[in-house]
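K.L.:
Residue-level listing of the chains:
Number of protein chains: 2
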Amino acid sequence: MQFVVRIEIKLKESILDPQGQAVRGGLTSLGYKNVVDVHVGKYLELLIEGSKEQDEVERQVEEMCQRLLANPVIEDYSFQVESAGGIG
Amino acid sequence: MQFVVRIEIKLKESILDPQGQAVRGGLTSLGYKNVVDVHVGKYLELLIEGSKEQDEVERQVEEMCQRLLANPVIEDYSFQVESAGGIG
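Chains as they are written, first to last, in the working numbering: chain A, 18 to 105; chain B, 18 to 105.
Isolated chain A, as found in the complex:
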């Protein structure tokens, strides 16, 4: 089986996001004055292969986020696991 995992990681609401502020400033100066808030984060796409079941893959991705991909102290993350077919 193959799984495509899409992970979104962003700073927690309480953490200052200067990159988001800069993007918001850029959008405002281009005339998009109706953009009132911007958060910038990371997007990861993983391709996972093997004989695992979907719930097992979800547990593994949760662990990857905690151990390597995100910084749980300052970041929130969410992900979707989608089966991409292949020989099980």
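Take the hints with a grain of salt, since some may be wrong.
One copy or any two copies: either way a pair holds, since identical chains are not told apart in the list.
With a straight-line cut-off of 30 Å between C-alpha atoms, the simulated DSBU-like cross-links for lysine-lysine are [stated by the list, open to error]: (1) 69 / 59; (2) 69 / 50; (3) 29 / 59.
Since the hints were made in silico from the structure, they are not lab data.
Using the hints, position chain B against chain A.
P.N.:
Relative to chain A, chain B alone:
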């Protein structure tokens, strides 16, 4: 009306992604040997306010991606616009 826009930006398939390779290497050395491919990109969340309709907001976000948020030469992007309520 308020809209929450979630934008995922990643390098086109044909472009080398050394950051993704590095993350894959990190995951492999942590024992996640079933991760066969990793792509790293950007994730943006915008909060848009005003009297625009959803399709108008979508057109505007498409324009923002083309002009500022993404580099259409080397990056692909996709986004979802979601109504967050508020006084229309």
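K.L.:
State whether the alpha carbon distance between residue 69 and residue 59 is at most 30 Å within one copy, between copies, both, or neither.
P.N.:
both (26 Å within a copy, 28 Å between copies)
K.L.:
Using 30 Å as the alpha-carbon threshold, which applies to residue 69 and residue 50: within, between, both, or neither?
P.N.:
Classified as between; 12 Å across copies, 47 Å inside a copy.
K.L.:
Between copies, within a copy, both or neither: which fits residue 29 and residue 59 at Cα up to 30 Å?
P.N.:
Answer is both; intra-copy 13 Å and inter-copy 16 Å each pass.
In terms of the numbered hints stated before, the structure departs from none.
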